[in-house]
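Going down the list, the sequences are from chains A and B.
Read left to right, the first sequence gives residues 1 to 115 (our numbering).
Read left to right, the second sequence gives residues 1 to 311 (our numbering).
Please note that the accuracy of each hint is not assured.
To give an idea of the interface, some chain A residues facing chain B are shown, with a C-beta separation under 8 Å as derived from the structure [to be verified]:
no., residue
1, 6
2, 19
3, 20
4, 22
5, 32
6, 41
7, 76
8, 80
9, 91
10, 92
11, 113
It should be emphasised that the hints constitute simulated quantities derived from the structure, not laboratory data.
All C-beta atoms in this analysis are idealised placements derived from N, C-alpha and C, irrespective of residue type, glycine included.
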Amino acid sequence: MIPHDSPSAEQLVEAVREWLQRDVLTSTQGSVQFHTRVAINVLAMVERELQLGPTQAAVHQQRLATLGSADDADLAARIRDGELDHRLPEVRELVWASVRDKLAVANPKYLDAPG
Amino acid sequence: MDDLTAALREVLGGSTITSLTRLSGGASRDTFRFEADGRPLIVQRQRGGYERDMAVEATALRLAAAAGVPVAEVVAASTDPSALGASYLVVSAVEGETIARKILRDAEFDSARVALPGQFGAALARLHSADVAGLGDFPAGDPLDTYRAVLDEVGQPHPALELAYRWLQQHRPVSLPVALVHGDFRLGNVIVGPEGLRAVIDWELAHLGDPMEDLGWLCVKAWRFGGTLPVAGVGTREQLIAAYQQAGGEAVDSEVVHWWEVFGTWKWGIICITQALGHTSGVSRSHELAAIGRRVCENEHDLFLALEGRW
Chain A
1 MIPHDSPSAE
11 QLVEAVREWL
21 QRDVLTSTQG
31 SVQFHTRVAI
41 NVLAMVEREL
51 QLGPTQAAVH
61 QQRLATLGSA
71 DDADLAARIR
81 DGELDHRLPE
91 VRELVWASVR
101 DKLAVANPKY
111 LDAPG
Chain B
1 MDDLTAALRE
11 VLGGSTITSL
21 TRLSGGASRD
31 TFRFEADGRP
41 LIVQRQRGGY
51 ERDMAVEATA
61 LRLAAAAGVP
71 VAEVVAASTD
81 PSALGASYLV
91 VSAVEGETIA
101 RKILRDAEFD
111 SARVALPGQF
121 GAALARLHSA
131 DVAGLGDFPA
141 GDPLDTYRAV
151 LDEVGQPHPA
161 LELAYRWLQQ
171 HRPVSLPVAL
181 VHGDFRLGNV
191 IVGPEGLRAV
201 IDWELAHLGD
211 PMEDLGWLCV
221 KAWRFGGTLP
231 VAGVGTREQL
241 IAAYQQAGGE
251 AVDSEVVHWW
261 EVFGTWKWGI
271 ICITQALGHT
281 SGVSRSHELA
291 AIGRRVCENE
301 HDLFLALEGR
311 W
């Protein structure tokens, strides 16, 4: 549990994003408008991470445990050293699933983009 | 600006300099457009502390022009800082569009989109035929090793990039004879008119290497800008390869181009990591750069797509 009052972190970020979309985007142009769009995308990403993050963390930890690694650094090192060469199809499947989780936060539309 | 006007008059043999306008603030150089005796020109002036040698770009442009690649004409270039305060390059201004999304979507470029795959193939074949004797001091080196070192230096774990690296290591093609390679040949770095390719620009990353690097890079998914066709969003790999060979390029093995496409996707993922580091390290605080760090997973996903069924 966290000790904070309402609104939640997610709702606060959402409020700022909505303001950028409603007021700032329409009253700016050129480079500032472009960077406003970037800011809106970044805040939307943070909202998705706040929503999905806890579940994704648990699932990711499970995948790592399946592969016998404590964290990504260990997994990356073992892949590089060839230690997991005997079970690469499984490694790829689990790593790809984590990449999809990252995309679900960073840019969910990308998952539907043409291959 | 007055100083620059005077300096340009000096290096251009006393020409009358008018309409000097700053164009963009790239990371490494300042770019201005102006007219010299009424002729539209572009000058690029290197910024301090930037290591890449502008002489490489001028040499590459001259060699490419001699080989028949459409490029802006080099009017003046020097690495002597006494004239403009830094290395500079003056080239003819080529009119046209560089913004990828416009080239891919605007009706004005309907015919260009049909012509571009063939024109890209022919331009690359001519570039790779350029005479590289005497380029002993040109940038070279193994690109896989180079970016492996960058990834190690950054020190952030990326299991997906390691899986791709393992594949790249194990499927490395035999290198072709070394050629002049553009290094960043894609939409964004070409000037396009309604009829198609007018000039290949941004030769900053030119180097000596395997010519297939340029073909693979042009197929990297990021450079389709949302388009569906694999070659820059405008053509098929078969069109590119056919045009390349027809214009006198080496016989192309599509599997080798695929290896370079996978390499390019992996490399672009690593570049995204370093872009975000520009922000987090404090060198250039910017939420735009920060956000690029979260695009690494797009490249990782593309790597899985490009390698599905192949590894």
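ask   = Looking at the structure, which of the earlier hints fail to hold?
value = 1, 2, 3, 4 and 5
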